[in-house]
Structure formats: C-alpha cells, structure tokens
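*Asks:* Could you slot chain B onto chain A? The hints should help.
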Amino acid sequence: MGDLMSQKAIELILMRQLASALAMPIFLVDPSGSLIFYNEPAEQLLGSRYDETGEMSMKEWSSLFAPIGEDGSTLPGEALPLNIALHKHRAAHLAFWIRGLDGVSRKIGATAFPLEGQGGRQLGAVGIFWEEP
Amino acid sequence: MRVTLWGTRGSLAAPGPETIRYGGNTSCVEVRSKDNALVVLDAGTGIQRLGARVRGGEGRIDLLLTHLHMDHIQGLGFFEPLYEPDREIHLWGPPSPTLDLRTRLARYLSPPLFPVRLRDLPCRLTLHNVPPERFEIGGLGVEAELVCHPGSTVGYRISEGSRSLAYLPDHEPALGVREFPGQPEWTSGFSLAAGTELLIHDAQYTTEEYQERIGWGHSAIPDTLTFARLAGARRLVPFHHDPTHDDAMLDRIDSTIRASDDLAFALIAGREGTTFEV
Chain A
1 MGDLMSQKAI ELILMRQLAS ALAMPIFLVD PSGSLIFYNE PAEQLLGSRY DETGEMSMKE
61 WSSLFAPIGE DGSTLPGEAL PLNIALHKHR AAHLAFWIRG LDGVSRKIGA TAFPLEGQGG
121 RQLGAVGIFW EEP
Chain B
1 MRVTLWGTRG SLAAPGPETI RYGGNTSCVE VRSKDNALVV LDAGTGIQRL GARVRGGEGR
61 IDLLLTHLHM DHIQGLGFFE PLYEPDREIH LWGPPSPTLD LRTRLARYLS PPLFPVRLRD
121 LPCRLTLHNV PPERFEIGGL GVEAELVCHP GSTVGYRISE GSRSLAYLPD HEPALGVREF
181 PGQPEWTSGF SLAAGTELLI HDAQYTTEEY QERIGWGHSA IPDTLTFARL AGARRLVPFH
241 HDPTHDDAML DRIDSTIRAS DDLAFALIAG REGTTFEV
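Protein sequence lines correspond, in order, to chains A and B.
The first sequence begins at 1 in the numbering used here and counts up by one.
The second sequence begins at 1 in the numbering used here and counts up by one.
The shape of chain B in the complex, shown without the other chains:
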C-alpha cells in the first residue's frame, strides 16, 4: 500500500505561514493498493487537493469516514470526482441507531450550509454503513470498529497481504482509565492497531492541554505513544494536530518524542504531503 497524508490537522483548518510545513488542512489520507485501488480516509479539507489530483481519472473510489464531525466531512462537497457523472463512488460511514448515513450527511450537504444537495451530485454514489465484519475493497481488507470518541465514531484497519495500517484520527483511549495503559482487551482501539505496520493516531494535545479537555475525544501525546507501544505498532504517525500548534511547536514535540530512549516504534512526523509505503 502507498499512503499519502492530504490533511493532518484536527478540529479546524489552520492554513498560514506558521503551519506550512505540517499543513493546515483537516483529516484526509489516501491509501492506494498495489493494484491502484483508491481508498480515501475521511473528507476533511485536505480532500480538495486529492480530488484535483484524481479528477478525470477512471476507477471506483471508496471514501471511508470515521465520523461526521465537521473537520472530517467539510471537504466532501469540494471533492471533484463527486461531480463526474461516470465516476463510481462508495461512501462509508459509522452507523447510527436512529438516522441513516444519507440523512445525516444531507444535513451538511444541503442549503443553507452548502449549495449542492447530496442527492443532486452527478456521480454514481452509493452510501453504506460500515459493517461490523471485515469487508473487501479492491483487494484491501477493511475492518472498522467503534472507538472512544464522542458520537458514533469508528477507526479503521486496512490490510493488504500481511501488512496493515490502522487509522484512528480521533481517539481518547485513556479516558476514565486510572493507570493508562490498562489491559489490552480493555483498551479502546487495541484490536484495530495491534501489530500494525503503520499507526496513524490522534495526537492533538500536550499533557497540559489535555487536563483542560478530558472527555473531548482526543489524546494527549504521551498517551498516543503509550497506545502505540501497547499495540506493538512498528511506525507511528502523530496526527490530528491541534489548530493552535504551529510548525515550531510541532517540531519541539517531535524532537521531544525522538529524544525518548524507549521508543518501540519508528516515528514519522505527521506532515501534509508525506507519502510512505506499507
């Protein structure tokens, strides 16, 4: 698999000269299989540039949403393949006990919040609730599981052959745990992340910031490292950077992590535009 980060920011897009290296776009990750199947993880503002890259091409696109918070769907209406009449697009999202995915997404993709209605998009669009069991997309195995974050939110594990990546951009596994980490079987997201080659994980807050935001659904950076260690991930991408964290601050955080002498995994800076192989 080839993985490209198109948006690494959390909560709110944060463009500007002070965020130019880590990026200001909100969550969006491109996953390409060895057969060139395209899976897109989340539709934050980063998806606009990805859409410009793939417009006019051929082939099905599968767009997997972790949840419907605004920073994960705001770019959806700006994804150019949605306006291509012959394009087959499958949009997957977490289930809700009350409303189907179309109804929930239409709250945003309709006036007055957006000029184009979801039902008027010209592409061949199919919406799906992510199933609880593993499913296949273009040779990639996909597993989704509810994780600890307000509202119905899933994380994903995507596998090709023996290699897997886990995508948990909004995740607070330490919530309510007296001594984190607890046992693996009692840790949110563990089964998704266990033994993965690559873990893309929420790293929104410093320890000090987290103390003021417990229960908001995001991780303090030390908890992200602890979770990666517990899961036995081989590489970690800290992701979903707080919009107030500029490049200088993220550099300092990165340096602090790298200075730790007990890193059990390789650290990859969560910078927009980064591509790596899994």
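So here's chain A without its partners, still in its complex pose:
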C-alpha cells in the first residue's frame, strides 16, 4: 500500500501525533534512519524548528548535530542510540554532546527504541532525549 500515495505507516503517524502532544523531546526516524520528525520540545534542544530542517538522511543529521562523546571524541554514527535501535532491534542509551543549529553545544541523554510493526515490519525508531545537567 505504501507506494500508492506514499502515506506513512499508521504506527509512524500515531507516533508523530503522540510526540506532538508530549512535553518531552522526541526524534523519529524511518527504517533507513532518515529523520522524519521531531517535536517542539526537541526543537529547543536542536536549535531549529522541524519545519525549517525537514526530512534528512541519517548521514546528514548525524553530521549536522555533530555528536561528541563525553571524552571529547567525535562519535561514529553506529554508536548513536537511534542507530543501535534501528540495526540491533533493541533499546539503547547514551549521554553525549551535540551542537544545535543555533550553535549552542548541549550535553544530552538519549534513549532510543525500535518501532516494529505486526508481521515483523521494521518501521523505524524513536529517540527520547533531554538536556543533562
């Protein structure tokens, strides 16, 4: 059905609607890792409105937000919780630094989990994150 009019899966639609109603920052990616949505609380930490960034590939967003480990080294994409959730099909957590599009560096804690639909369909992953003190 997806190719008829390229509508997102209902699970992603509901996840986005839930995220839109929550006060916690949420980041949603599709099965390829491409960013497909983040909510208003996430906009404050990422330094840009989603309407301005729009959808982008994992390669783009992981370099755009420049994740840096607590030891100061650049984090490879495969270390990011969202990548682990997508490819290892389990929840993952990590604390690291990002640089928002407003130029501000923030330390965040991020937990990600995969979205798996009925019939084993891989739908993407959800990241929940917050600013660490």
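Any given hint could turn out to be false.
Some chain B residues close to chain A (C-beta under 10 Å, calculated; not the full set) [said to hold, decoys possible]:
| hint | residue |
| --- | --- |
| 1 | PRO94 |
| 2 | LEU146 |
| 3 | ARG178 |
| 4 | LEU192 |
| 5 | ALA194 |
In short, the hints are calculated from the structure, not lab data.
Quick caveat, the model's predicted, so the values are computed rather than measured.
All C-beta atoms in this analysis are idealised placements derived from N, C-alpha and C, irrespective of residue type, glycine included.
*Replies:* Chain B alone, transformed into the frame defined by chain A:
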C-alpha cells in the same frame, strides 16, 4: 462494481420506527464484481438479510472484516451461507501480534456467547490474516491497511479496472492532529482513499458529540468531509451513524452538508438498502 449497503449503523443496532429510512443494522456492505464475485465488507447485523438473499446460491464468498469490535461481527453467526456444507467461504481479518484470527473470533462464536462453535460451522471455511500487500479476489484487487481506530483495525480499498472504492467505517484520522487536515502522507487512511470513485467513511459524531468522545476511534462529520476532500474522493457515503441519530437528525445533517458551497464530491446518503454502481 455494484455496491449495496446492508447495514449503516455504528456501535449498536438501532432498529425502530425512528430509524427506518437510514436503517438500524450495523455495518455490512456487499460488493459485486462485474463477474458476480461476492465480497462482503464486515459482518454487522446487516449481514443477516444479505445472507437470506444469497442462501442456496453457488460460488465463493469472501468476507472482509475491518476489525473485531462487536458491531462488525455480531451478524456473523446469522449469515446463512456459513451453514451450507458445499459453500466456500473465506474470512479475512486484521492481524494481531498475539492471537490468530480463528482464536479471536472463537471468543464470540462459542458458548456462552453463541451456541454454535466456529469450528462446527458446516461450510468450507478458510480464515486469513489480511496481507500487507495487494491481493486478488475474483478479479477485484484488494488492499488493506491499518488505520487510526482502537485495536487492530484495517480499512479496505477495492478496485476493478481503474475504479476503486474505499471502506473506512471506523476511522479517526483527526486524532491528535492540531490542524486537520495535515499533510496527506501523515494522514491515516489517505493512501486507501486517495482518488477513489467512492468513499464509505465513518461519520458517527456531530462536532459537539466528538468533543466528548475524542479517542474513541470515530470521526466528527466535518472531519469526514475534510478527509474526503483531502483524498479527492468523487463520491462520499457518510456511514456508521451513531445509534442515537434518528432519521430526522440524519436528514438535518445531510441537508447541512449539501448546503455547503465547497463540496468537492457528490454526497450519497448512507441509507440501508441503497445500491450504486462504481
């Protein structure tokens, strides 16, 4: 395709003199292909009269359930072809991550809720989870997709040649959307309904009623119209009428809709017994 509405009521059968024109039976729609293949959408109480019409006939029957809420399966045990030993019947329903369709349906079709067990039905019955990809029934193309309604619920798009109908009797696409409609790709049910000749869609609540029932899985009538407009449907059948909406109220709703000056589609009243060609 020829489409007949055998039950247009939502949630609870509502027979009586005050509902005689729109009908009191719950969801059931007959779809006949040009080659006379029979597809039945949902098994609400309306299916009993359809069963009486087709009993003793020949040919396979495919019964497509959108979900297993009671108003969509209550007529199942009263569908006479299920008791015909030589009748081939295929029963399709939404998948569940835990229980197969037979187990879920047997909760109803077994004592103490029903005297006949599903496994004792004499027809040649095959149960299927609807697949995520398009499939064929008697020359009709069928597509099913999960939609926004509590529990595992699908809508259907049925096509014959270049003509399609969409059946979304229980659907709340506006749930959680700040400004409905949003983008088509983020709208539940859009791909099923896009560009269809005929859209049969949930229209259970008035705007005022909806405010008290958000999240119950049904649409306010203005949202139904908005969804039909977004999808570019050519004809809309408001369906799954609330059991408290009598004929007089549904007439008023129908008149209000028709008075709108920006209808982008033809409106067909969702009345039991109506037949139309697609």
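*Asks:* If a hint holds in the structure, say so; if it doesn't, say that too.
*Replies:* Verification of the hints:
1. Of the supplied interface hints, the one on PRO94(B) holds, with its beta-carbon coming within about 9 Å of a beta-carbon of chain A, less than 10 Å.
2. Among the interface hints, the one on LEU146(B) holds; its C-beta lies about 4 Å from the nearest C-beta in chain A, closer than the 10 Å criterion.
3. For ARG178(B), the suggested interface contact is upheld, since its CB lies about 7 Å from the closest CB of chain A, less than 10 Å.
4. Satisfaction of the interface hint for LEU192(B) is found here, the shortest Cβ-Cβ separation to chain A being roughly 7 Å, below the 10 Å cut-off.
5. Because the beta carbon of ALA194(B) sits about 4 Å from the nearest beta carbon in chain A, less than 10 Å, this interface hint is met.
The structure meets every hint from the earlier list without exception.
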